[in-house]
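Combine the two chains into a complex, taking the hints into account.
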Amino acid sequence: MKQKHLSFLIPYLLWIILFVIAPLVLILGYSLTDAAGHFTLHNFVLFFSGGTFIKMMLNSFWYALLITFFCLLISYPAAMVLTKLKNQQFWLMLVILPTWINLLLKAYAFIGIFARNGMVNQFLHLFGIGPVPILFTDFAFIFVATYIEIPFMIMPVYNALKEIDPALIRASSDLGASFWQTFRYVIWPLSWPGVESGIQAIFIPSLSLFMLTRLIGGNRVITLGTAVEEYFLTTMNWNMGATIGVILIFLMTIVMILTSGKRHKKEIDL
Amino acid sequence: MEIIKLDHITKQYDDGFVALRDINLSIESGKFYSLLGPSGSGKTTILRIIAGFAEPSTGKVYFNGQDITGLDASKRHFNTVFQNYALFPHLNVYENVAFGLKLKRTPEATVREKVKDALHTVRLDGFANREISELSGGQQQRVAIARAIINEPKVLLLDECLSALDKRLRKEMQFELRAIQKKLGITFIFVTHDQEEALAMSDEIFVLNDGQIQQSGSPVAIYDEPVNDFVARFIGDSNILPGEMIKDFEVKFAGKNFECADAGITPGEKVEVVLRPEDLDITAPEKGKVTVQVLSQLFLGDHFEIKATGAGTEWLIHSTNGVKIGQEIGLFFDPEDIHVMRLGETEAEFDARLESYEGDGEGDDE
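Line by line, the protein sequences give chains W and H. Throughout, our numbering is defined as the position within the first sequence, counted from one, plus 1043. Throughout, our numbering is defined as the position within the second sequence, counted from one, plus 17.
Incorrect hints may appear among the rest.
What the hints assert, rightly or not - Per label pair, the in silico range of CB-to-CB distance:
hint : chain 1 : residue 1 : chain 2 : residue 2 : range
1    : W       : N1145     : H       : S74       : 49 to 55 Å
2    : H       : S180      : W       : K1127     : 25 to 31 Å
3    : W       : M1299     : H       : K92       : 39 to 45 Å
4    : W       : N1262     : H       : K121      : 41 to 47 Å
5    : H       : K133      : W       : W1223     : 27 to 33 Å
6    : W       : E1206     : H       : A278      : 55 to 61 Å
7    : H       : S74       : W       : Q1132     : 30 to 36 Å
8    : H       : Q29       : W       : Q1132     : 25 to 31 Å
9    : H       : K77       : W       : V1175     : 57 to 63 Å
What the hints contain is simulated information worked out from the structure, not anything from laboratory work. Note that CB positions come from ideal geometry on N, CA and C, so glycine has one too.
If we strip away everything but chain H, and leave its shape as in the complex, we get (with noise of 0.2 Å):
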């Protein structure tokens, strides 16, 4: 059920900056959400837009099919969790979580009940009294949490709430979050800049830059089938090569063609392909789809980050074997691991030529 709908939305600042150009959305009840793209790139914009900070220039927001542009923050059934956590340090941990209630003038039993359910679901039981002050970065963000779930909002929006965590606590709030979304069945909407965190834990994401959507999806579709060079680079490591379309299913790039899953493309179009480093897998030089030589490796723990020369450009590959510099390798890969994508095709074109071929329109929930 559509819960929340951002209607052809802009947002330029009084300096003439243009922070978001026609941006539509829609938002159903009970998923994860993530707006995901590099600083500059609208997604604070948004969230601020739906939490009722900013008011869009033009277009409309409407919740529940009710048109809630110009109500004020206050009167929304969304609370934030922000960036730095915003909590109140006039406050200890319980009445930092109660603040919301006791604004509705809640009875005193009733607010016992619900702050300790909530400093349960964030697994803070017994921190009732602390100051926070004496809290770590992660307990200061589980309050945030906690403070922002307690007035039962429809939607929780989380702006860059894991940003100052070291690495190790942001995975482990990440399993969290996703947790307790499960657990409160309520839609988030959270915005990052960190992939990885975007992937791991959404249903959905929207992938913006320079104040429009380049893409939305599942993780896994936006992932396996980006729609632009901008997604393709943003969201994990790719080599992005030029090519161009021989003919349905065949492609034409480093110098030779290959067999692919894309169609619905003219024949003789130049197009990109992309290439995950990690669809790229390491064979000897006579098995191999292409030759390369190996330029430098680094070892990433888990794998090998492997930079290499061959059929006329650079290719990124990740191993989890390491290889000698200097060795001539052979590149093998499936003709499903090529992904092409046509130069300046909008998401919506995207969606309409994945349909004409595959038939479902369903492509996304493989």
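Okay, chain W solo, but in the shape it has when bound (with noise of 0.2 Å):
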């Protein structure tokens, strides 16, 4: 019996294995080795050494950091709401649709919001303003990300406040806690692994978001997605781009590690 059930698992180790764990070694593999073949860490000390690979990683970090922060900035609140109306699902659906639409439509409809004859400016013209460069600017780029992720933000963040006992509330409201000192002390908490789940969501693809940079961002935005795709569709230095593919992952899982540890909690004596 067991082992029948284990055979219903093939496919999709199938798919595991060729599809993740094969490329996971070739990266690996090409990034530990020279455009010869030959074993080097030559890539990975011109990475370390020369300061531009350094300052697009940070440059990477500190995007993606907005990112996350602006879309937690919006949902939370939005969350918050979302789980007191009265038409849920409904809402629910409106938050959704935008992420069927395809990624490159969407950052197309904004080059044409945000051009210098775009809706933004055509509505400035009418104040006398403008036209302001909007598109290909780093607030470009922030904004649209921010809108493209934020759906991932509200979604595993409204499950985690609905999960909440109201009883809970009226329990610390009881024991003599004002609205925030229950937000902060039982609600956010408590809504932590939504959160969680949501920077995951968001902060890790953003780590490595190039489409977005060379769109809406005109290239003026470097990541090291941006690099990545350099090096492999234009430079085709591929042991370079494995290289810094390597690094991503490694940066990647540390984020999930300092999300999802474990606070621990000091014992008290009494």
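Laid out in structure tokens, this is it:
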């Protein structure tokens, strides 16, 4: 019986081996070899010695951090309100709907909105302002990235908030807590697992965004994702591209460990 | 001393459902009260209005003479033990109990001292570092009580908080709740649908049905002198028989006239007679006041529950000795065992009538 059940896993295992484990091994292999296929650590030395790559890495981190932060800032209150609304399924649909639209399509739509003769500038023109350059700025990049990632923060936070027993809120208030105290000591810690998955779902992909950096950021914003694309498709230096890939994976793992770390409680001796 | 007063409280929900109709009650300090009623009777709504989680549609809530109707729950001097305890799952026992004190920025040393005391009161010494998920239902119950008493509330509100426990543990907690109440000397208001629980613990019970207080009084008074057939049926088992008042201290039911302890009712008035099953003594047919035939018998461990028929009605009898099915038996009862209820008499009218022939109006505290 047990054997039989395990055999159900075979299609999935094949998938994992072919498309997850094998590529990872390949990337690692490429990163540790040179163009001729000889073992070398040169790629990593190059990455950490030149200021360019370090700067690029910090840049990626910084942008991913900003995107995640703005997503959380907008999504958390929205999710709180959502849990109190009447037609929650309908509102959730509206939140999820944009994720069904192709990313490229959304990016081009924003090009239209932010362009020199785009909607925003036309509107500003009514007040005699502009035209202001919006497209190809850091602002535009973060704005669009945040817009695209918001549903991935709202959903887990909403689910976590929804799971909080309303009696806990009453209990907190009963014990004398103000709204902010209840939020700080009860709602926020209990919704943390949702925030955590939101952060993981946004921060990690944001580290390697490249399409938006190109289309909306106009290649002014350079992240590790852009660099990987450059090395693989333009300069054809697969070894360096793979090295950056390995470092990205390493960074993502660190984020995973940091966000899911269990906080240890201090023991109280009475 | 009166500590809480509900004055003409009504509660109607947005959908038109009337949860409470004209509730007036007075709570004194240092006593154990129960709000007893079936589900939907409004007992939890009353508790929520006192706690500040719900606002009455009309009427006022007073605390020590001050109107607190619109006051936020967090500012009232009451604490609640919730139905499913509502313990904070992300905090351990110590942090749960200390919650109320930490909010007030109490110094750490004082918090420790008080948490230790509270845990000792609920007999959970040494449980401070446990996680909530590691506790049994009974232990969670105790943590909930410790958390609620740490703020030294003037009134502790308990919302059906024993109903999730098994029977044995429930009995044990009844004793303990009573002991804790005596020790702290504060008012407890306990909401329950379990009449045994209410009878066992309370100084005073409010029996509720359909958003109204049906009767209030000591457990003994309510059990012995139910004001209407709802109370008689809800509190304990009873035989309720149609009857007719012949004159003071004489009532006719089951086809015969009997001496009774009730008076002040117009002769000839239709009444209902309550006979508690444990007040019916089984004797030989010729010695009994009525003769009945046994229909069925259940053994319930500490007593037999016997159903019998005779004198034009069905009888429920509790007896420590068994009988044979089909056997003819006599039932004997004293005049004091007969309780006469007037149809549609309110609690106030009942009290007034009792006073008229007992003379002191303190009939409750026998």
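Right, here's what the structure says about each hint:
| no. | hint | in the structure |
| --- | --- | --- |
| 1 | W/N1145 with H/S74: 49 to 55 Å | 53 Å, holds |
| 2 | H/S180 with W/K1127: 25 to 31 Å | 29 Å, holds |
| 3 | W/M1299 with H/K92: 39 to 45 Å | 44 Å, holds |
| 4 | W/N1262 with H/K121: 41 to 47 Å | 56 Å, violated |
| 5 | H/K133 with W/W1223: 27 to 33 Å | 29 Å, holds |
| 6 | W/E1206 with H/A278: 55 to 61 Å | 58 Å, holds |
| 7 | H/S74 with W/Q1132: 30 to 36 Å | 31 Å, holds |
| 8 | H/Q29 with W/Q1132: 25 to 31 Å | 29 Å, holds |
| 9 | H/K77 with W/V1175: 57 to 63 Å | 60 Å, holds |
Of the hints listed earlier, the one the structure fails to meet is number 4.
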